[in-house]
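Q: Each chain is listed here by its residues.
Number of protein chains: 2
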Amino acid sequence: MINNTFTRNSRHKSPHRRSHIPLVIKKPHDIIPPLGDSIRIIPLGGVEEIGRNMTVIEFGEDIIVCDAGIKFTDDETPGIDYILPNTKYLEERKDKIRALVITHGHLDHIGAIPYLIDRLGNPPIYTREFGALMIQKRQVEFPHLAPLNIKIVDANDKSIPLSPNLKVRFFGLTHSIPESTGIIIETPYGDIVNTGDVRVENENGVPVEKEFEQYKIFKDRNVLLFTMDSTGIEKPGFSPSEASILKNIDSIVASSPGRIILATFSSQIERIIEFINTARRYGRQVLIEGRSMKANVDIIKHLNLVDTSIVIPIEDITKYPPNKIMIIATGAQGEEFAALARISNKTHKYVRLDRSDTIVLSSSVIPGNDRAVDKLKDNLYRSDAKIITYLDSNVHTSGHGKRDELKWLHQQIPYKYFMPVHGNHFRLKMHAELAAELGCPRENIIVPDNGSIIEIQDKGAKIVKLLEKAPSEDMVVEGLSIGDLSEVVIRDRKMLAADGIFVIIVLVDMRTGRLKKSPDIIARGFVYLRESQELLSEARGIIRHSIERTTVGMNPINFDYAKSAVTEDVSRFLFQRTAKKPTVIPVILGV
Amino acid sequence: MINNTFTRNSRHKSPHRRSHIPLVIKKPHDIIPPLGDSIRIIPLGGVEEIGRNMTVIEFGEDIIVCDAGIKFTDDETPGIDYILPNTKYLEERKDKIRALVITHGHLDHIGAIPYLIDRLGNPPIYTREFGALMIQKRQVEFPHLAPLNIKIVDANDKSIPLSPNLKVRFFGLTHSIPESTGIIIETPYGDIVNTGDVRVENENGVPVEKEFEQYKIFKDRNVLLFTMDSTGIEKPGFSPSEASILKNIDSIVASSPGRIILATFSSQIERIIEFINTARRYGRQVLIEGRSMKANVDIIKHLNLVDTSIVIPIEDITKYPPNKIMIIATGAQGEEFAALARISNKTHKYVRLDRSDTIVLSSSVIPGNDRAVDKLKDNLYRSDAKIITYLDSNVHTSGHGKRDELKWLHQQIPYKYFMPVHGNHFRLKMHAELAAELGCPRENIIVPDNGSIIEIQDKGAKIVKLLEKAPSEDMVVEGLSIGDLSEVVIRDRKMLAADGIFVIIVLVDMRTGRLKKSPDIIARGFVYLRESQELLSEARGIIRHSIERTTVGMNPINFDYAKSAVTEDVSRFLFQRTAKKPTVIPVILGV
Chain A
2 MINNTFTRNS RHKSPHRRSH IPLVIKKPHD IIPPLGDSIR IIPLGGVEEI GRNMTVIEFG
62 EDIIVCDAGI KFTDDETPGI DYILPNTKYL EERKDKIRAL VITHGHLDHI GAIPYLIDRL
122 GNPPIYTREF GALMIQKRQV EFPHLAPLNI KIVDANDKSI PLSPNLKVRF FGLTHSIPES
182 TGIIIETPYG DIVNTGDVRV ENENGVPVEK EFEQYKIFKD RNVLLFTMDS TGIEKPGFSP
242 SEASILKNID SIVASSPGRI ILATFSSQIE RIIEFINTAR RYGRQVLIEG RSMKANVDII
302 KHLNLVDTSI VIPIEDITKY PPNKIMIIAT GAQGEEFAAL ARISNKTHKY VRLDRSDTIV
362 LSSSVIPGND RAVDKLKDNL YRSDAKIITY LDSNVHTSGH GKRDELKWLH QQIPYKYFMP
422 VHGNHFRLKM HAELAAELGC PRENIIVPDN GSIIEIQDKG AKIVKLLEKA PSEDMVVEGL
482 SIGDLSEVVI RDRKMLAADG IFVIIVLVDM RTGRLKKSPD IIARGFVYLR ESQELLSEAR
542 GIIRHSIERT TVGMNPINFD YAKSAVTEDV SRFLFQRTAK KPTVIPVILG V
Chain B
2 MINNTFTRNS RHKSPHRRSH IPLVIKKPHD IIPPLGDSIR IIPLGGVEEI GRNMTVIEFG
62 EDIIVCDAGI KFTDDETPGI DYILPNTKYL EERKDKIRAL VITHGHLDHI GAIPYLIDRL
122 GNPPIYTREF GALMIQKRQV EFPHLAPLNI KIVDANDKSI PLSPNLKVRF FGLTHSIPES
182 TGIIIETPYG DIVNTGDVRV ENENGVPVEK EFEQYKIFKD RNVLLFTMDS TGIEKPGFSP
242 SEASILKNID SIVASSPGRI ILATFSSQIE RIIEFINTAR RYGRQVLIEG RSMKANVDII
302 KHLNLVDTSI VIPIEDITKY PPNKIMIIAT GAQGEEFAAL ARISNKTHKY VRLDRSDTIV
362 LSSSVIPGND RAVDKLKDNL YRSDAKIITY LDSNVHTSGH GKRDELKWLH QQIPYKYFMP
422 VHGNHFRLKM HAELAAELGC PRENIIVPDN GSIIEIQDKG AKIVKLLEKA PSEDMVVEGL
482 SIGDLSEVVI RDRKMLAADG IFVIIVLVDM RTGRLKKSPD IIARGFVYLR ESQELLSEAR
542 GIIRHSIERT TVGMNPINFD YAKSAVTEDV SRFLFQRTAK KPTVIPVILG V
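Here the protein sequences come in this chain order: A and B. With this note's numbering, letter number 26 in the first sequence gets 27, and the count goes up by one each step, no holes. With this note's numbering, letter number 532 in the second sequence gets 533, and the count goes up by one each step, no holes.
Source of the hints: derived by calculation from the structure; they are not laboratory data. One thing to keep in mind: the hints can contain errors.
Intra- or inter-copy, both count: the list cannot distinguish identical chains.
[To be verified] Mimicking SDA-like on lysine to any residue, the simulated pairs with C-alpha atoms at most 25 angstroms apart in a straight line are: (1) K582 to I389; (2) K466 to E456; (3) K217 to H411; (4) K581 to E488; (5) K95 to R356; (6) K517 to G542; (7) K89 to S245; (8) K159 to K417; (9) K517 to Q577; (10) K248 to G484; (11) K347 to S384; (12) K376 to F73; (13) K236 to A386; (14) K350 to A386; (15) K97 to L146; (16) K302 to P368; (17) K347 to F172; (18) K347 to N324; (19) K138 to E434; (20) K376 to V489; (21) K408 to F213; (22) K217 to Q413; (23) K408 to D385; (24) K495 to R343.
Here chain A stands alone, though its shape is the one from the complex:
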């Protein structure tokens, strides 16, 4: 007889494991009341975090979805690729979805399209041309999906009717990628305005004329609800202007004696365009390094946003003197295999740094990347090249407005209700406080969570947050699967990462209850086994003793009991000897 109950369904059979792994209890969905004649607004992502932006606007028989972004993961969710907004609410109302409307082409606004568009019933996607190209570029990596139904729109164009009651209109604004827009959803009771990501170009804190132009359409509009990016709320003042950054980069390029390497986010497309213009001014050829940077420059080229005739392939780098070269590269965040990392650690095929090189890290450090960036800088400083970062010099500004920029935007758009979005809870609260300071009555301000159901009721007369919530548990992409985040698997991974695993395999003679041979042990991530032979040998003794104490003379043998006992004995022994708590798993086979 062979006992295999443990290994088939072990997690829920072992009393030992159950003792320290609480069950994941899923709450039944609250029963969401019917819509009635309210306008419903549901942020499905992006309001308890930065990333995975998606907001639902529902009225009558129609739903418009705004943006479909991903969030990147961190060490809280090892092994997970991306986190998606939870779309269960939409899946249950798929037939009502008239459109997915896109503010701009960054991944936290478009990255979830390949994973979710099917679940939304493949609605048409309304976007400006640049966003469309970014979406298409990403879609190429998912060849099995049906073609997207993309409808390219202009900003400041006429409104586009999406249903008898809802129209959408796009308006241009400033961010860090071409054709960034805000969105106006026109309802019978007034406009719902979503800025998407936004900053305000300014000269020493005074917005430039173009900014006033962009918002003058709001002079005559009836804005019922205003929702706005809160990413930069924590930082006081205005950001340095992009123009001042570019001027500064220009003078760095002008005075660089050799090659200049400009590293930035590949998503900073407007800046990349200006880098190429700067190269032209100084007679430098441009080399583009990094896969995402190349892809985005292809889009720039396709749209003819800049003359790219001076862009040459990296193989041609030797054909020009160093002072005629500009390299635009990815990797300023210390990404391990990016172009700049390879340049810094001397594994790049064509570039070795020397004293005449100048490297500009034209980006800030994204929280969480500090150590990677320090490592990058360490490697760069091993060379004699000149390194310039945003700490020393004005070489980066954020695409997200700081507090005074947000304040100015509030003043351009007269509105009745305000809902801060795009940011952690504390950022939304700070943004709500700003709106209150600017005169918005507190009862007109709503701070949502993911899945909060906000209703504008009584033809616009009041705004409420329902007690019920739309499903909002994390949905995740892991390898090929899209689904709920399994807390159990994540907890196992964290335990494995900290203490490793210790698997015990024993063959028990069913007649005598004795071990047929010395136990086998498989350990990974626990201790270095080669140097722990004594520990293993002692462990084998304990295993044999623990099991035979239970099984010898027992008839029939209770395997579950034996497993529970040996797990406990071995765990205690390993902890006493090492102060580590590996996941101990016994396999007892009867022969």
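Given chain A's structure and the hints, the job is docking chain B onto it.
A: The following block gives chain B in isolation, referenced to the frame of chain A:
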């Protein structure tokens, strides 16, 4: 017959594993040339990182070791508790060690004492009284160790002879913990000066009188080598003064309508003392929350550094009105179980936040802690309490001087040679550049790595960095063990964290080569097994097929071959189906 070669020493037997896990090749130690009449300086830690500071000074028959710190770990080394300086060089020269001298009582300067003092032959430890108490407090957690031989010294005292040729002298300077000192090692050829961690108290960029006082001893000294903290070099200008921070906190306390909660590092002892003084000024009782905070306040009390009679136990919080309460707490870095976290997530036994509370996060965010701090702030903002951080208001300044403070220090201490320490490589390089700008000849500046052997030769006439290095591989504390960092174990842990483990157990009939039963599978951290029964069932089929294809009719059965084949087949199958690469481990038992 039972085959167990795999499980005993599996890592180095499986061709599959070897193909993607490179061997760790240990370099033989370089042969270090004899000392001769040079003065040797070897930073064993703290110069390719921030943390684990330790520097060796060797001359003739004597060695003095300066500081013995730990470094905290990050996600690059899961499961590791601390990283220590590598002391092999010292262990081989234990008899020469005359003293361990301590600059101040922070863990990155004293934390390694319990782990290393034995390896250094238990030399006497020279420290100021505050440092001694911090050392003793930590030592209590290691009751099995021999008592330390601590010698308490004063700053600005006479020199202490440690050997015929070497004397040591301590001088007071400003950091963020009481009795911080710099150290002068007097050699026959001149002084070796190490500042330890240092800042410069100033008023709007003008050092205060006390600072000039502290360094006036250097007017008449012959400083051969100057080594100095580089932590803050990247940041331009002067830091805000501690006095301005305290003034600001004072006015926050003055205007707070209810309880005030001040959260800071427990290591910010001078600030904690002033918080208590502030409470007294406003008639508030003080509650100390957090284990390390309490321990440090006990030391403050023991030394009578402040009148602690207003410090009351937390149970007494209800005896006073809210506006008579000040809570000083740990947890401003978002530490998961710290007092502030418990207050923020409503699990604290005595404190629930309300609108009248004011919380001050009197600390900056340490790189790597950003997400934890965001989470803390999210929870705090769920309450209606008022939150003040260093971004809004001047409530924190660093204990490490910024660039202009370092510059001013260079100007106070005339020296011949300069070696920047305490910081990543890029910080040392920036600090070296500063010294060069200030007039130090470049050939007189040495930028070391961990283990670099610096020699001042020819009675002080020149300084060189030898080609040979002292052993400098990471030493780590993990549970109860202290030893080399096992790259293999760490790599396994990272793989386990990302993709989990998939163990296959099969019983093969030795006569027929057929499986005796359906294979057992143990997976952890891979996919959620309950929802993957189909995948498991297919995997069982593949395992059976793969093994029997090899073993049926084979005599004797080649277990290694079968294992290698099944590992490959199963890995390929799992990757195709999930795009995940779990660590696949086969166990084949013949019966």
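Q: Which numbered hints are broken by the structure, listed smallest first?
A: Per hint list: 1, 5, 7, 9, 10, 16, 17 and 19 violated.
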